[in-house]
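Chemist: Spelled out from the first residue to the last, the chains are:
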Amino acid sequence: MPEQFIWGIEVFLNGLMTGVLYSLVALGFVLIFKASGIFNFAQGVMALFAALTLVGIMEGQVPFSHLINATFGTEIHHFGWHVPAWLAIILTMGVMVLLAWLVNKLIFQHLVNQPPIILFMAAIGLAYFLEGLGDMMWGADIKELDVGLPQGINTTIDEVTYNLFGYGFFIDNLDLWATGIAAVLVAALVIFAQYSKHGRAMRAVADDHQAALSVGISLKFIWIMVWSLAGFVALVAGIMWGTKSGVQFSLSLIALKALPVLMLGGFTSIPGAIVGGLIIGVGEKLFEFIVGPLVGGATENWFAYVLALIFLVFRPQGLFGEKIIERV
Amino acid sequence: MLDAGRTEETLLEVNNIEVIYNHVILVLKGVSLSVPKGGITALLGGNGAGKTTTLKAISNLLKSERGEVTKGSITYRGERVQDLAPTDLVKKGVIQVMEGRHCFEHLTVEENLLTGAYTRGASKADIDADLELVYSYFPRLEERRRSQAGYTSGGEQQMLAIGRALMSRPETILLDEPSMGLAPQLVEEIFNIVKTLNENEGATFLLAEQNTNVALRFANYGYILESGRVVMDGPADDLRENPDVKEFYLGMSEEGRRSFRDVRSYRRRKRWLS
Numbered sequence: 001m002p003e004q005f006i007w008g009i010e011v012f013l014n015g016l017m018t019g020v021l022y023s024l025v026a027l028g029f030v031l032i033f034k035a036s037g038i039f040n041f042a043q044g045v046m047a048l049f050a051a052l053t054l055v056g057i058m059e060g061q062v063p064f065s066h067l068i069n070a071t072f073g074t075e076i077h078h079f080g081w082h083v084p085a086w087l088a089i090i091l092t093m094g095v096m097v098l099l100a101w102l103v104n105k106l107i108f109q110h111l112v113n114q115p116p117i118i119l120f121m122a123a124i125g126l127a128y129f130l131e132g133l134g135d136m137m138w139g140a141d142i143k144e145l146d147v148g149l150p151q152g153i154n155t156t157i158d159e160v161t162y163n164l165f166g167y168g169f170f171i172d173n174l175d176l177w178a179t180g181i182a183a184v185l186v187a188a189l190v191i192f193a194q195y196s197k198h199g200r201a202m203r204a205v206a207d208d209h210q211a212a213l214s215v216g217i218s219l220k221f222i223w224i225m226v227w228s229l230a231g232f233v234a235l236v237a238g239i240m241w242g243t244k245s246g247v248q249f250s251l252s253l254i255a256l257k258a259l260p261v262l263m264l265g266g267f268t269s270i271p272g273a274i275v276g277g278l279i280i281g282v283g284e285k286l287f288e289f290i291v292g293p294l295v296g297g298a299t300e301n302w303f304a305y306v307l308a309l310i311f312l313v314f315r316p317q318g319l320f321g322e323k324i325i326e327r328v
Numbered sequence: 001m002l003d004a005g006r007t008e009e010t011l012l013e014v015n016n017i018e019v020i021y022n023h024v025i026l027v028l029k030g031v032s033l034s035v036p037k038g039g040i041t042a043l044l045g046g047n048g049a050g051k052t053t054t055l056k057a058i059s060n061l062l063k064s065e066r067g068e069v070t071k072g073s074i075t076y077r078g079e080r081v082q083d084l085a086p087t088d089l090v091k092k093g094v095i096q097v098m099e100g101r102h103c104f105e106h107l108t109v110e111e112n113l114l115t116g117a118y119t120r121g122a123s124k125a126d127i128d129a130d131l132e133l134v135y136s137y138f139p140r141l142e143e144r145r146r147s148q149a150g151y152t153s154g155g156e157q158q159m160l161a162i163g164r165a166l167m168s169r170p171e172t173i174l175l176d177e178p179s180m181g182l183a184p185q186l187v188e189e190i191f192n193i194v195k196t197l198n199e200n201e202g203a204t205f206l207l208a209e210q211n212t213n214v215a216l217r218f219a220n221y222g223y224i225l226e227s228g229r230v231v232m233d234g235p236a237d238d239l240r241e242n243p244d245v246k247e248f249y250l251g252m253s254e255e256g257r258r259s260f261r262d263v264r265s266y267r268r269r270k271r272w273l274s
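As they're listed, the protein sequences go chains F and V.
Under the numbering used here, the residues of the first sequence are numbered 1 to 328, in order.
Under the numbering used here, the residues of the second sequence are numbered 1 to 274, in order.
Bear in mind the hints are in silico, worked out from the structure with no lab data behind them.
The beta-carbon is built from N, C-alpha and C at its ideal position, and this holds for glycine as well.
Take these hints with a grain of salt, some might be off.
[As the list claims (entries may be wrong)] Quick list of the computed label-pair ranges, beta carbon to beta carbon:
1. 110(F) x 153(V): 34 to 42 Å
2. 34(V) x 64(F): 19 to 27 Å
3. 101(F) x 25(V): 49 to 57 Å
4. 85(V) x 245(F): 39 to 47 Å
5. 142(V) x 317(F): 45 to 53 Å
6. 235(V) x 110(F): 25 to 33 Å
7. 142(V) x 105(F): 49 to 57 Å
8. 126(V) x 317(F): 56 to 64 Å
9. 146(V) x 144(F): 47 to 55 Å
[Said to hold, decoys possible] Computed footprint of chain F on chain V; a stretch qualifies when at least three of its residues, placed anywhere within it, have a C-beta under 8 Å from a C-beta of chain F:
10. 54-68
11. 80-92
12. 132-140
[Unchecked claim] Straight-line C-alpha distance at most 25 Å; calculated SDA-like pairs for lysine to any residue:
13. 29(V) x 226(V)
14. 220(F) x 29(V)
15. 220(F) x 22(V)
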């Protein structure tokens with residue numbers, strides 16, 4: 001088998017793994033967009049905030065320590081304890097639920113029935129506020145995150161492929177785990193949305209706010225639920241990205257990559273977010289591998305957006321987006 | 001649901017309410033009405049008379065449209081309800097079927113029905129039994145249970161909206177403009193079902209309707225609203241015989257077309273003349 005082809009397969013697999021992480025961020029977008037029509041620009045920052053909080057809790061960092069020290073002239077940074085990963089994850093989830101509640105109570109509850117652009121502006125504001133809050137609470141330095149997920153090259157795959165092709169694939173264990181966890185998460189979310197009472201109510205709210213109110217569905221509850229779910233997805237995405245490349249503020253920029261993913265998959269489809277993410281992940285890696293050398297590289301930066309543009313022209317609802325129902 | 005038959009007990013009292021939208025637009029200027037248990041009460045009037053606003057004031061859907069009840073009171077079973085959230089009202093047994101159906105387009109017909117049972121902590125068996133009940137009244141819904149509601153016909157959507165409300169096991173149903181956009185035959189069918197539900201299940205109806213003719217045939221009592229006020233009310237049969245109602249709402253007149261200059265009383269004529 002030609003070498004190029006085998007490398008191509010490896011690039012494909014690695015693209016798949018990157019795609020999973022795009023999918024996770026896009027998934028958070030879809031959940032909130034479906035249920036409230038809010039384009040949650042802050043989803044990426046939520047992933048960052050979740051990861052920061054997780055590290056902070058695990059390391060026993062004192063929140064707002066810089067602020068406290070500057071105001072009172074003290075020198076406190078750590079509580080001096082370490083919290084086990086599982087407990088820290090639960091506590092962080094608590095923080096994300098609280099955040100969901102606050103976001104609804106303070107911002108979006110007052111913007112019911114406002115045009116989408118106003119909701120969008122509010123979401124942008126929230127994104128910047130949250131970024132600043134994360135900075136102030138936990139500091140701006142790059143942090144290492146290790147919740148005990150296995151990392152490094154997967155030796156089994158390396159060996160098997162070496163025996164098959166005479167070339168060992170480099171697949172990171174973490175990526176494999178990320179894929180597995182994302183798959184479980186998606187399956188759980190789809191089942192929840194499709195078959196549970198609250199999931200059905202969530203879809204009902206997505207279709208028609210007024211009608212949902214009229215049958216006694218509490219919008220407040222559904223929105224807090226959805227934001228909490230998005231917070232949970234953000235936490236998972238934050239853990240994956242944070243473990244992979246350290247918890248740093250560039251994490252919030254992956255939110256931008258979620259945009260082309262959504263245009264590809266459709267803004268309202270949970271499976272669409274996943275497939276879109278995978279296509280973008282694989283597409284940009286393969287494109288870089290095949291076309292990159294011809295044009296001098298750096299295609300990863302724009303490939304996703306060009307693909308999204310093409311989709312906007314030919315299939316604006318995306319691959320899996322809900323078709324706009326029009327009765328004649 | 002309750003025993004059939006109209007009783008003298010009053011379920012719902014609306015007392016001189018005033019509704020203002022957006023803090024400036026005065027829509028209801030003192031509307032009072034009472035809905036007896038087990039009856040069908042009709043709220044009649046033209047476009048913009050305030051029928052929908054009255055219903056929404058009762059079901060408390062006004063707030064999400066920036067409307068507010070600024071004066072007067074609404075009581076249900078003697079209890080003040082105007083500050084309750086729509087969810088709590090549904091739990092108390094008051095549910096609104098909104099104008100223009102408002103089905104959940106992307107949900108299937110059956111899922112739409114199930115959302116109606118959202119506020120009830122009922123067991124699956126109970127809910128299944130209620131589904132069967134709804135299907136027995138609306139056999140066409142059963143045929144289409146798996147199709148997306150957005151693709152069903154207007155008549156089916158109206159049935160679905162009523163069926164969905166029934167799933168909450170309501171005591172009082174506020175039915176807004178059930179005839180809108182439907183063929184006369186379908187209107188008849190829908191109203192017949194309303195009558196049957198009223199008789200068999202003892203459901204109380206307050207229905208807002210522009211189609212005065214049909215509404216007065218099926219209702220026990222009627223209120224006529226004009227620009228935010230009740231201008232006339234009475235038993236349906238009396239209203240049907242009233243010469244003014246005949247002329248202005250039923251399009252019948254004993255002496256053919258009259259000149260409006262000869263007409264004496266009430267508000268709306270003045271407005272037409274000025």
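Chemist: Determine for every hint whether it applies to the structure shown.
Modeler: For each hint, the structure was consulted:
With their beta carbons about 39 Å apart, residue 110(F) and residue 153(V) fall inside the hinted range of 34 to 42 Å. Range check, residue 34(V) to residue 64(F): Cβ separation about 59 Å, and the 19 to 27 Å hint is violated. Against the hinted window of 49 to 57 Å, the Cβ-Cβ separation of residue 101(F) and residue 25(V) comes to about 33 Å, which falls outside the hint. For residue 85(V) paired with residue 245(F), a C-beta distance near 45 Å keeps the hint of 39 to 47 Å intact.
Look at residue 142(V) against residue 317(F): about 31 Å separates their beta carbons, and that is not inside 45 to 53 Å. Separation of residue 235(V) from residue 110(F) is about 46 Å and departs from the stated range, judged on CB atoms against 25 to 33 Å. About 42 Å separates the C-beta atoms of residue 142(V) and residue 105(F), a value inconsistent with the hinted range of 49 to 57 Å. As the Cβ distance of residue 126(V) to residue 317(F) is approximately 38 Å, the hint placing it in 56 to 64 Å is violated.
Roughly 52 Å separates the CB atoms of residue 146(V) and residue 144(F), a value that falls within the hinted 47 to 55 Å. Here's how the stretch 54-68 of chain V fares: 5 of its residues keep a CB closer than 8 Å to some CB of chain F, so the rule of at least three is met and the hint holds. Three residues within the 8 Å Cβ limit are the bar, and the stretch 80-92 of chain V against chain F gives 6, so the coverage statement holds. Check result for the stretch 132-140 of chain V against chain F: violated, 0 residues qualifying (beta carbon to beta carbon below 8 Å, three or more required).
Distance restraint check for residue 29(V) and residue 226(V): the Cα-Cα separation of roughly 10 Å lies within the 25 Å cut-off, and the hinted pair is therefore satisfied. Of the supplied pair hints, the one linking residue 220(F) and residue 29(V) is violated, its CA atoms being roughly 31 Å apart against a limit of 25 Å. Of the pairs offered as hints, the one joining residue 220(F) and residue 22(V) holds, with about 21 Å between alpha carbons and a cut-off of 25 Å not exceeded.
In summary, the structure is inconsistent with hints 2, 3, 5, 6, 7, 8, 12 and 14 from the numbered list given earlier, while agreeing with the others.
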